[in-house]
Amino acid sequence: MTIHLTVQKEVLSLLVVAVFIIAMCFLINRRLKAFDPLSKPRGLVLAALWLVEMIDDQVRTIVQERFVKSLAPYIGTLCIFLFLSNILGLFGFNPPTMNYSVTLTMAAITWVMIQFNAIRDNGIGSYIHGFFEPIFPFVIPNIFGKIAPLISMSIRLFGNILSGSIIMSVIYSGCSFLSDLVLGLFGGSGFNFVGVVVAPFFHAYFDLFAGFIQMFIFISLTMVFISNELKEDE
Amino acid sequence: MDVGTGLIAIGAGLSVFTGFSTGIGQGYAAAKAVEAVGKNPEAASQIRTMLIVGCAVAETCAIYGMLIAFIIVFVLGA
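Protein chains in written order, with our numbering: chain A, 1 to 234; chain B, 1 to 78.
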């Protein structure tokens, strides 16, 4: 009996992201302990404070005030993890979000949070009664409406990052073909020099810009869906 | 190249047609955003946020089409 075990390349990328985040946490913790609160922040402490303040402002504009304190750390975690995962294509790895399992997991965590907050704030009777509104045969569209955020958020992130990575690999193979063509005139194949010139622009769009936008969309939709389920502030 | 492979290629090409409506819709949204900034310049950063979020949600049409095209090419064409 043989056991076939395939370890995909994205597992290595996940390990790289996790080790990087843990190392940064230790480093920032050490800097923060040596930081005097009354002096002006500089360097890494300034970057960390700026990030926390930006995320707090973003959450405060969308979610109700009483929920900001418990939701903002989750949004901050999503923001850092998703941004680092999306731009990992820049360093030659397969980005972890290129695997549907990773994006499905993140979307599933958000989906469970949405349903749990809906039940906790409005009661389970009102939650089940909401399926049968406005008239009884609306059960099936309402069920699909509940599942739709899960599928759409996971496939949006997965599709964008996967397609960016496939287009980059097509560009690189086209550039290496061109390089072989040009260098073949001088005899012999060698270094892929066209790719070094052409590829950075595409990396800046597909990895940095699209990665940032997709992360921003994911956290915006998370906050909007959760705040729709909660009761309004008086 | 036999007829089967050619038909697979045609199928993959047809499924990218969903990007056509995405281009029109997002261009219209950008036009309305520019007009709104012209009417109310101090809400510019909020309008920018809503434009980006709205465009990315509307982009899912094109993304689904491209995903199906990739699946057709890489799974059926192998």
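Derived by calculation from the structure, the hints in this document are not laboratory data.
One thing to keep in mind: the hints can contain errors.
Label-pair ranges, simulated between beta-carbon atoms [unchecked claim]:
hint, chain 1, residue 1, chain 2, residue 2, range
1, B, Met50, A, Met1, 56 to 64 Å
2, A, Asn228, B, Ile71, 27 to 35 Å
3, A, Gly145, B, Leu14, 44 to 52 Å
4, B, Ala30, A, Phe201, 53 to 61 Å
5, B, Ile8, A, Gly125, 49 to 57 Å
6, B, Ala30, A, Ala47, 27 to 35 Å
7, B, Gln46, A, Phe20, 43 to 51 Å
8, A, Leu178, B, Gly13, 35 to 43 Å
9, A, Gly184, B, Ser21, 41 to 49 Å
10, B, Ser21, A, Met1, 48 to 56 Å
11, B, Leu14, A, Phe209, 26 to 34 Å
12, A, Asp57, B, Val3, 36 to 44 Å
Going by beta-carbon spacing under 8 Å, a handful of chain A positions derived as facing chain B [as the list claims (entries may be wrong)]:
hint, residue
13, Lys146
14, Asn160
15, Ile166
Calculated Cβ distances over 10 Å to all of chain B for the following chain A residues [as the list claims (entries may be wrong)]:
hint, residue
16, Asp56
17, Ile80
18, Phe158
19, Gly159
20, Ile213
21, Phe216
Predicted, not measured: the structure shown is a model, and the values here were computed from it.
All C-beta atoms in this analysis are idealised placements derived from N, C-alpha and C, irrespective of residue type, glycine included.
Exercise. Honestly, do Leu178 (chain A) and Gly13 (chain B) meet the 35 to 43 Å range at C-beta?
Worked result: violated, 25 Å
Problem set entry | Distance rule for Phe216 (chain A), whose beta carbon must clear each one in chain B by more than 10 Å | The assertion about Phe216 (chain A) is violated, with a minimum of 7 Å to chain B.
For this session: Determine whether the Cβ-Cβ distance between Ala30 (chain B) and Ala47 (chain A) falls within the hinted range of 27 to 35 Å.
Result: With a Cβ separation near 32 Å, Ala30 (chain B) and Ala47 (chain A) satisfy 27 to 35 Å, so the hint holds.
Exercise. Can Ile166 (chain A) be said to touch chain B, with a Cβ gap under 8 Å?
Worked result: Result: holds, 7 Å to nearest chain B Cβ.
Exercise. That 43 to 51 Å hint for Gln46 (chain B) and Phe20 (chain A) (C-beta), does it hold up?
Worked result: violated, 33 Å
Exercise. Would Ile213 (chain A) pass as off the interface with chain B, using Cβ distances and a cut of 10 Å?
Worked result: Its Cβ does come within 10 Å of chain B, the nearest being 6 Å, so this is violated.
For this session: Test the statement that Phe158 (chain A) is away from the interface with chain B: the closest C-beta pair must be farther apart than 10 Å.
Result: violated, 8 Å
Exercise. Should the hint that Asn228 (chain A) and Ile71 (chain B) are 27 to 35 Å apart at their CB atoms be regarded as holding?
Worked result: For Asn228 (chain A) and Ile71 (chain B) the Cβ distance comes to about 32 Å; the hint holds.
Problem set entry | Range agreement (Cβ of Leu14 (chain B) with Cβ of Gly145 (chain A), hint 44 to 52 Å) | violated, 29 Å
Exercise. Is it true that the C-beta distance of Ser21 (chain B) to Met1 (chain A) lies inside 48 to 56 Å, as the hint says?
Worked result: Holds - the Cβ-Cβ distance for Ser21 (chain B) and Met1 (chain A), about 52 Å, lies within 48 to 56 Å.
Exercise. Between Asp57 (chain A) and Val3 (chain B), does the beta-carbon spacing fit 36 to 44 Å?
Worked result: At roughly 59 Å between Cβ atoms, Val3 (chain B) and Asp57 (chain A) fall outside 36 to 44 Å, so the hint is violated.
Exercise. Holds or violated: 49 to 57 Å for the Cβ distance of Ile8 (chain B) and Gly125 (chain A)?
Worked result: Cβ of Ile8 (chain B) to Cβ of Gly125 (chain A): about 52 Å, so the range 49 to 57 Å holds.
Hint compliance for this structure: hints 3, 4, 7, 8, 12, 13, 18, 19, 20, 21 are not met, and every other hint is.
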